[in-house]
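J.: Here is what each chain is made of, one letter per residue.
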Amino acid sequence: MLSKPNLQLILLFINPTHMFKSIITSTLLIFLSFIAVCQNEGRSIPDVTVKQLDNSSFQTGDITNDGNPIIISFWATWCSPCKRELNAIAEDFDEWVEETGVKLVAISIDDARNMHKVKPYVDGQSWDYDVYVDPNADFKRAMNVNNVPHTFLIDGNGHIVWQHNSYAPGDEDELHELVEKLANGETID
Amino acid sequence: MTTKLTCSTLLLFLITSTIAYSQDGVMDGVEIHGNFEVYAQTYNEDSIIGAPNVPEKSGVNAFGNFIATKGSFTAGVRIEAYMPPVQGFSNNYGLQPVGAPYRFAQFSKGKFDITVGNFYEQFGNGMILRAYEERALGLDNAFDGLRVKVNPIPGLYIKGLVGNQRFYWQKSTGYVRAIDGEIAINELVESLMDKKLRLTIGGSFVSKYEAPGIRNFEYPENVASWAGRGQINYGGFSFLGEYVYKFNDPNSDNHYIYRAGQGVLLSATYSQKGFGINLTAKSIDNMHFRANRDAQLNDLFINYLPALTRQHTYNLATTLYPYATQPAGEIGIQGDIIYKIKKGSALGGKYGTTIQVNVAIINSLDTQQITSPNDLDSEVYLPNDPSREGYKANLWTFGDKIYYRDYNIEIDRKFSKSFKLKTSYIYFVANTDVAQGTALGKNVHAHIGVLDGLYKVSKKHSIRTELQHMWTEQDQGNWAFAMVEYGYSPHWFVTVLNQYNYGNPTKALRVNYPTAQVAYINNANRISLAYGRQRAGIFCVGGVCRPVPAANGFTITITSSF
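Respectively, the protein sequence lines represent chains A and B. Numbered according to our numbering, the first sequence spans residues 1 to 189. Numbered according to our numbering, the second sequence spans residues 1 to 562.
Among the hints, a few may not be true.
Here chain B is said to cover these stretches of chain A; the calculated rule only asks that three of the stretch's residues, wherever they fall, bring their Cβ under 8 angstroms from a Cβ of chain B [claimed, not checked]:
#, region
1, 75–89
2, 96–106
3, 120–133
Hints were generated in silico from the structure; no laboratory data involved. Source: prediction; values computed, not measured. All C-beta atoms, glycine included, are put in the ideal place defined by N, C-alpha and C.
With the hints as extra help, turn the sequences into a complete structure.
T.: Structural data, given as structure tokens:
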């Protein structure tokens, strides 16, 4: 069963074909140029089924906030920087909501190992966020998230206008400024 | 292979252009998005830490997802490259340097969702079926086939699928056919819509077909499995349970016995503002369920059996004695409590304090051997005897062998606007012979202490330090760990860390594992460069968490979403 792939492997080493590289490079280039063309407008939130904390289904296409900004933050109970970020925002979140009407949607990517710990953690930390669980990473994939934490900002028209991977203390201040901008009707470059 | 790749590429262009040109305007309303990652490593031989002499001196793993969406229609492809695979990843990835093993087209509108090509899926808790990817670990058992999801009436969700599973660059020889139904009672019965009591029930049926094997056995060509589950929520209370049963499935993991497999997962939760508690129990018996009966390691699993232990993030706790589920048989319970002491109280301090306690107890299942594995493996012993049962077990009884113990507490306190401290204590009892396949012949008792301090120097500048220590008299003895991480929001991270096995009983193995890393982040793009020695495990540095294999050399990681 193994002989055929092994032979292929050996052949590849003897005769490394450069064709792969050129095909890949050209494919990537063509796509990247497509993307450059298509990226002038932020995409909308993809519609994927996730779980609410009571285990019922929820469609991510239904995430709305009456024309106010929305933050979507991907996190996990085992991800320290994620929890640092969401706890840092939680400290002043009342003010954020009062000033800007913003809503924060926290998407936990915890799988079956930890998903039952999400609700106790969220309640334990007294977060005022809309929390959903994405146990098989369907929404994570649809939003093209590589690693957590990954934070998105959605404008009043439902378009993704900004995103950021990782968390450094102080990032919440930048996010706050951007949310204020959106609430004031300004655009984000 | 070239033909294969060209075909996939062509297919994608076909799909893309169909979307683009069949509509009024060229590319009108088409959203193209995706992400990519490059993970490259150079290798220095380092026999002390077990980093081998790698003739090619470097490895590169890369992938890019390209997805086009227009209205209800989505199509995508993932191109993967392994030139050659980074150490720690299966050599099977090296059988083809570049290819497009994942491509799909999906139509999703209202109550229908149809996918052809590759897809990931999970039924219930995954104990009966879960196709998923963990790219950083090289795990990917995606289906290739067809999936239909229907929501015919409110509250009723039905999913059906057929497919082979991904086996690196090949496919499983076994086919999987599966159906899952879930009823959300409160959505189904309109008068119950706003009731506090929420009830969900569900059930799955999964069947695998595989042609008879080459060995001298009566193989069931079709292996069936079913599962039932339910969840009740009332205010802050929640109870859930899932039971899975698998009909006889002789395979290489169970020494080709005819014994049926089963598993159960029970969980109870209560939470309110500032307090949460979760208790979970799990028992598993003979639940290796793979698309090929002779598959090994992490290959071709149809189901997923979650480990019932805390997923630690501190270096010494994740990299040295982690636990892995034993699908052959295990029984365990886990408890988790979180309590937030109020701000302004005497104990809570000005900013409040959070305490988390977690306990996990896992043992062998209580079993009595009927036929010894050696006799079963000899193949001359009762090859076609339907009584080839192997052993007897009681799903509800703890066996006497300790597999794992984890007792841990974490206290997180903010002392001032600029200083936070997290203190942890972890005590493991690890049967590494079972979880990691070692031959120590005794359990490892390890105590770990952690001090994790975060000092916010100014609005954008912060310094985080971690001091960790592990005390153990078994295996490799004591370890010390220190890390300093400087963060400059929102773009930069500089991290320096060292792990030191100073207590190793063998003097020559008292090794330092120093690593330095710089990371630059710009929106959804991140690039990091690291140099040093690293142990395998989940690393949470530079603002993200990812699992990494053992290495000595440079590591470059680039991730981007668009």
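J.: For every hint, state whether the structure bears it out.
T.: A quick look at each hint next to the structure:
no., hint, result
1, 75–89, "holds (count 7)"
2, 96–106, "violated (count 0)"
3, 120–133, "holds (count 7)"
Hint violations for this structure: number 2 only, all remaining hints satisfied.
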